[in-house]
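Asks: Protein sequence lines correspond, in order, to chains H and Z.
Counting in numbering that gives the first Met the number 0, the first sequence runs from 0 upward without gaps.
Counting in numbering that gives the first Met the number 0, the second sequence runs from 0 upward without gaps.
Hints listed in this document are in silico derivations from the structure and should not be mistaken for laboratory results.
Only a predicted model underlies this, so the values are computations on that prediction, with no experimental measurement involved.
It is possible that part of the hints are untrue.
Unchecked claim - Example chain Z residues on the side facing chain H (calculated, C-beta under 10 Å, incomplete):
#1 Ser60
#2 Gly154
#3 His158
#4 Ala276
#5 Arg296
#6 Pro298
#7 Leu319
Glycine residues also receive a C-beta, built at the ideal position from the N, C-alpha and C atoms.
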Amino acid sequence: MTAPSPDRKTAGGGLKVRGLTTTFATPRGPAAVVDGINLDVAPGEIVGLVGESGSGKSITLRSIVRLVREPGKVSGQVEWQGRDLMAMSEADLRKVRGAEIAMIFQEPMTALNPVLPVRLQIEENLSAHSTLDRRARRQRALELMNIVGIPAAERRLDEYPHQFSGGMRQRVMIAIALASSPKLLLADEPTTALDVTIQDQILKLILDLRDRFGMSVVFVTHDLGVVAATCDRMAVMYAGRIVETGTVTRVFAEPHHPYTRGLLGSVPRIGAERSMLLSIEGTPPGLTDLPDGCAFHPRCSFATDRCRAERPPLESFAAGREVACFHHRTVAAMAEAA
Amino acid sequence: MREMPLISVEGVSKRFRFPRTAPDILTGRSPAAVHALNNVDLEVHRGETLGVVGESGCGKSTLARCLVRLLEPDEGLVRFDGQDISLLRPAERRAFNRRVQMIFQDPYSSLNPRMSVRQVLSEALSVHAMRQKADIPARITELLGLVRLPADAAGRYPHEFSGGQRQRIGIARALAVEPEVLIADELVSALDVSVQAQVINLLLDLQERLKLTVVFVAHDLRLVRHISHRVAVMYLGKVVEISPTEALFAAPRHPYSKALLDAAPELDPARRTCVAAARGELPNPLDLPAGCLFNTRCPFAFERCLAERPHLSNRGPAHLAACHLTDFGKPPPATIAAQ
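Chain H on its own, in the form it takes in the complex (with noise of 0.2 Å):
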């Protein structure tokens, strides 16, 4: 395999995100819903955002291609390829989307238009991001229904979504996504809707691609065995922060953040059957009334009154691991010990 190197640079090329803020007024006043991301995706790289419901991973990704929709309100810098994208025009953001960077979504069963054979919906974004003409799309369109492993992709072609599967739908997405040849493919859940054997074979369709055209990917899911056998590095995030970042193979195994290891904890491991899991107590705070500190203090067996009264900032502590926690080595001990 062509992993490329988790140390890579993203200088020229690639994905760099700052300081990245998205805000909904609410009734109650208003709720960061992604609050200072911080992230970076080097060309070929596969960067996993893990989160659970509500963590705003979705919103980050679609606040990097400036996808969100009023109330909610989007801050901070995204470059791409070396120039911001949140400085730039919604008419030259519209070239960047859906070309360059391109993305595919949790429902494969309504992010597809019910009335429009498939054809159409891949030749569209042809048609938007191309110069090729009518023939040309046509064979392009055939040539991208047969990568992303469409079996009789000729007569498949003139048939409506609702005549394909949930897997072969979210091909279909993929076909699109992939139709403008993007240099990144932003994945948000693309495969939680979908039975094992064939999430199986979605998560290698994405692995084969990223090695067969450089893409990058920033892959959102909150299954954390999805992480482990697809992303290069991983960022966890927690109640619109990431609290954790990393490679894929040093978070899983050294988690220096105590929600991070309570989430490698829940899941089931094998050897060590029908015995307690390591459960995280409580549940997700909501996002308009985040406890002062640390927002995953209440939750917490390693709060001390320090987390309770001061938000600990997201700092590096070894190369290319950078976690929010006062008190991460003495976590990190723990896991060692265990």
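Mind docking chain Z on chain H? Use the hints.
Replies: Okay, now just chain Z, sitting in the frame of chain H:
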């Protein structure tokens, strides 16, 4: 001799028929039907946890519903404690309903939004006359403690609780009538990972304390492996393999079980593969393939698989699989000797 199973499912089939259409009437065809269960055989023993796994559309929820008699099988029968549950007299049926309880998948739609937790629980208690009226409030407090909900939860309504807490209310409702069997249909699949672990821990704890028999229907292999003593793998309405958990996960004896296990992403980033575990997708349950149901996706299929449907046969201690390749997945003798 082995103990009599608490629940036995014998040759159960269930079809859901579509309304007869005009072309059906003209051509004299019988109307289309979804074959949800196809000749399922299964036993559940007292005190064990049986995991039932399979992908969507494999009939696992239909099976769960047949076990509690929310659905009547078209063929075959379900025995509980030796008795055919479709022949129970009304009084026996009430007793059966009490002894076998189901917990549903969706914590948002399985609780009446207009009933407080107290009303939900006291309804269960009074319908089955579990307690004198005066003792009901004390029992409700006890039940809430059992599922680790705060005592003041009784006066609140479902919308005031999170998903995990609602699933606890569902568990409390099921436990209120002191059942012997819990049928949990995708108990935690609607919950976040960290909350899943809380509910799983609770279930394990309650099972030990109350000596419950649990049928745990789920699609998540890791969870099923974690909590089950035995596992049944279903494919297109048929049990293709059933075995003690460790034997199944160590050496699956059916190609579908193997594909399912291989497809589940490993939690170990070092054990990554690039090859998909199974090709193709589930066939249409309206129109089942002849012969083995898995033959459309099975890389090992040969002529016999296209013609003849395999039945469950013995593969080892309490290990059954339905495949013509009786040696499939058999560990070579050398490795057994090495262990």
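Asks: Could you check the structure against the hints above and give me the numbers of any it violates, in ascending order?
Replies: Hints 1, 2, 3, 6 and 7 are the ones this structure does not satisfy, whereas the remaining hints hold.
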